[in-house]
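> Sequence:
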Amino acid sequence: MTTAEDRIDALELAFGALDDPGNPLGADALLAADAAGTVLPEAEQVLDAFGLNAEFVPADVGGRLERMDLLGRLLRPVFRRDASLGFGYGLNCFFAATPVWTAGDDAQRRLAAGFLLSGRRLAVARHEVAHGNDFVRDEFTAREVPDGLVIDGSKSAIANASRATGLVLFARMEAAARGRSHSVLLLDRDELPEGAVENLARRTTTGMRSAEFGGLRITDCLVPYSAVLGEVGDGYELSLRSSLLIRGLIPSIVLAGADTALRTVARFANRTRADGRSSLDVRHVRDVLTGGFLDLLIIDCLALVATRALHLLPRQMSAYAAAAAYLAPKLVAESMDEMSSVLGEETFAQDGAYAMFQKQRRDLPVTSLGHAGSAGRQVSILPQLPYFARHAWFADPEPPPELFRPDGDLPPLDLSQPVLLGDGDPLAATLVACTDLLEADGPPHGDDSVGGPALRFLARVLTGELAELKKAFETVAEGDREALSSPQSFGLADRYTLVLAAAACLGVWREQRSAPAGRTDAFLAGPAWITAVLYRLVARLGLPLPDRPAEPERLVLDEVVARLRNRRSYDLYASPLA
Numbered sequence: 064m065t066t067a068e069d070r071i072d073a074l075e076l077a078f079g080a081l082d083d084p085g086n087p088l089g090a091d092a093l094l095a096a097d098a099a100g101t102v103l104p105e106a107e108q109v110l111d112a113f114g115l116n117a118e119f120v121p122a123d124v125g126g127r128l129e130r131m132d133l134l135g136r137l138l139r140p141v142f143r144r145d146a147s148l149g150f151g152y153g154l155n156c157f158f159a160a161t162p163v164w165t166a167g168d169d170a171q172r173r174l175a176a177g178f179l180l181s182g183r184r185l186a187v188a189r190h191e192v193a194h195g196n197d198f199v200r201d202e203f204t205a206r207e208v209p210d211g212l213v214i215d216g217s218k219s220a221i222a223n224a225s226r227a228t229g230l231v232l233f234a235r236m237e238a239a240a241r242g243r244s245h246s247v248l249l250l251d252r253d254e255l256p257e258g259a260v261e262n263l264a265r266r267t268t269t270g271m272r273s274a275e276f277g278g279l280r281i282t283d284c285l286v287p288y289s290a291v292l293g294e295v296g297d298g299y300e301l302s303l304r305s306s307l308l309i310r311g312l313i314p315s316i317v318l319a320g321a322d323t324a325l326r327t328v329a330r331f332a333n334r335t336r337a338d339g340r341s342s343l344d345v346r347h348v349r350d351v352l353t354g355g356f357l358d359l360l361i362i363d364c365l366a367l368v369a370t371r372a373l374h375l376l377p378r379q380m381s382a383y384a385a386a387a388a389y390l391a392p393k394l395v396a397e398s399m400d401e402m403s404s405v406l407g408e409e410t411f412a413q414d415g416a417y418a419m420f421q422k423q424r425r426d427l428p429v430t431s432l433g434h435a436g437s438a439g440r441q442v443s444i445l446p447q448l449p450y451f452a453r454h455a456w457f458a459d460p461e462p463p464p465e466l467f468r469p470d471g472d473l474p475p476l477d478l479s480q481p482v483l484l485g486d487g488d489p490l491a492a493t494l495v496a497c498t499d500l501l502e503a504d505g506p507p508h509g510d511d512s513v514g515g516p517a518l519r520f521l522a523r524v525l526t527g528e529l530a531e532l533k534k535a536f537e538t539v540a541e542g543d544r545e546a547l548s549s550p551q552s553f554g555l556a557d558r559y560t561l562v563l564a565a566a567a568c569l570g571v572w573r574e575q576r577s578a579p580a581g582r583t584d585a586f587l588a589g590p591a592w593i594t595a596v597l598y599r600l601v602a603r604l605g606l607p608l609p610d611r612p613a614e615p616e617r618l619v620l621d622e623v624v625a626r627l628r629n630r631r632s633y634d635l636y637a638s639p640l641a
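Numbering of the sequence shown is given in this note's numbering, commencing with residue 64 and proceeding in unit increments.
If you are wondering where the hints come from, they were derived from the structure by calculation, not from laboratory data.
It cannot be assumed that every hint is accurate.
[Stated by the list, open to error] Ranges of calculated distance between the beta carbons of each label pair, as one might list FRET restraints:
id	residue 1	residue 2	range
1	A580	L500	18 to 28 Å
2	A637	E129	20 to 30 Å
3	T66	D169	20 to 30 Å
4	P460	R523	14 to 24 Å
5	P209	R603	37 to 47 Å
6	N629	R252	43 to 53 Å
7	N629	T204	48 to 58 Å
8	A170	G542	32 to 42 Å
9	A396	H347	12 to 22 Å
10	R252	R334	44 to 54 Å
A quick note: this is a predicted structure, and the numbers were derived from the prediction, not measured.
Just so you know, even glycine gets a beta-carbon here, dropped at the ideal spot from N, CA and C.
Taking the hints into account, I'd like the entire structure generated from these sequences.
See the structure below:
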């Protein structure tokens with residue numbers, strides 16, 4: 064039986080080298096398909112042969128989904144190449160299926176599993192959101208009758224609308240009680256009355272141009288009560304509970320695209336010019352490359368914690384998933400802006416060696432689910448912070464060390480366990496514990512020239528920031544919506560995500576240091592990257608900084624160039640690339 068690691072490597076090799084002009088699945092072919100607004104058929108055939116949709120189906124109904132952290136990694140070979148392919152072929156099917164895995168009965172789970180395992184697709188039509196716009200603001204309605212629900216309405220922005228056999232619809236209930244405004248339905252399109260569902264025109268998008276965003280209109284369609292997921296009126300809660308699964312995957316898919324962007328810029332900067340010099344001789348270029356790589360390490364630490372917490376800390380993970388999904392796209396967007404200054408006019412290339420940068424940059428806002436997703440993630444974090452300030456920060460015990468160990472075992476995934484509001488914040492306790500460890504141990508590995516006093520200083524500053532957040536949120540009454548919706552609170556929530564990022568990175572670094580021989584990565588176990596990461600986070604917070612540590616940043620740049628030459632991924636795993 065193949066392991067998940069084997070499957071990750073096999074999928075990467077099946078696509079072949081992205082930068083090989085002769086590869087029919089390489090950058091040239093993907094860019095041509097993107098320009099035409101079509102999916103590359105040969106790429107879908109690779110995913111068919113691999114059985115990608117089985118990765119989105121829980122093992123208890125015949126699929127291969129057992130660990131959320133491994134699912135995030137399995138997506139990376141696809142999203143490194145083409146977000147349209149990754150989202151349109153499979154990830155959107157997982158997004159659609161999450162309400163089924165969360166609240167479906169046995170028959171509904173088997174139905175959804177049957178769609179995906181047979182190579183068919185699921186599509187989801189979500190409800191209207193306050194931060195929506197004309198592109199996503201229409202929705203379906205439902206009214207109860209003795210035999211079931213009658214569905215009417217249309218939705219114009221549904222991924223895979225015309226290609227999906229299974230439909231997961233969020234429908235607004237007519238005359239519903241407050242808080243019970245929506246229901247979620249699982250429908251088999253082939254079983255609906257003829258003519259009840261009409262395909263609407265496809266919408267063009269600036270990003271993910273090959274993915275189909277079309278519309279559906281449903282007219283006076285009676286469906287039985289057996290189509291309802293959970294109970295009538297459960298839609299809002301199901302949407303929130305589904306987000307607990309979805310958000311942990313967002314960092315992996317934006318990281319994968321940014322990996323390709325960084326590799327493109329690193330290759331541009333590393334080329335030797337006619338005068339024998341290279342762009343790496345310029346300090347700004349070196350800073351951009353190291354900064355971009357450090358951001359990807361930050362994002363991957365958050366991705367690791369957010370996905371593994373679903374297994375290990377189901378009652379505390381909601382804030383971590385939201386923080387990871389909020390911060391990752393923000394860091395990548397800013398990093399890509401910095402990288403464009405290195406590429407110069409090649410930033411706008413539509414073809415050629417550097418054109419993948421422009422495509423990944425354009426796809427990012429769609430893969431990260433845009434502004435509405437960003438605001439929603441902050442809103443889900445904020446109500447938890449007054450409770451954390453009073454009861455968790457500087458009081459909670461640390462999480463289990465397996466939270467930070469990519470190769471560590473996990474308990475089975477139980478989707479009934481995660482809760483919307485956490486009852487503690489053990490990840491913040493890791494920041495405090497690591498600060499204490501650094502103070503007690505002195506310079507890491509006895510090497511005062513790499514990290515040392517700077518690392519201890521940065522950890523103390525971040526722990527001080529947690530103390531300031533505690534003071535700020537202790538003054539806010541739990542449930543005080545007016546205070547929590549203020550610009551100041553949103554700003555503090557942003558700062559909290561950066562503190563969590565620091566804690567996640569410190570936890571990963573500490574566990575690498577203590578890992579047995581043969582199970583550690585020398586770069587991740589060393590103090591260079593963690594010192595440079597904390598410096599970057601503290602600078603972003605506008606807090607006091609030590610003298611800029613030159614040696615750690617030099618070692619990080621060496622790692623960037625080494626991974627470029629050795630064809631290794633820019634994440635925690637340094638995975639081999641085709």
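> For which of the previously enumerated hints does the structure constitute a violation, in increasing order of number?
5
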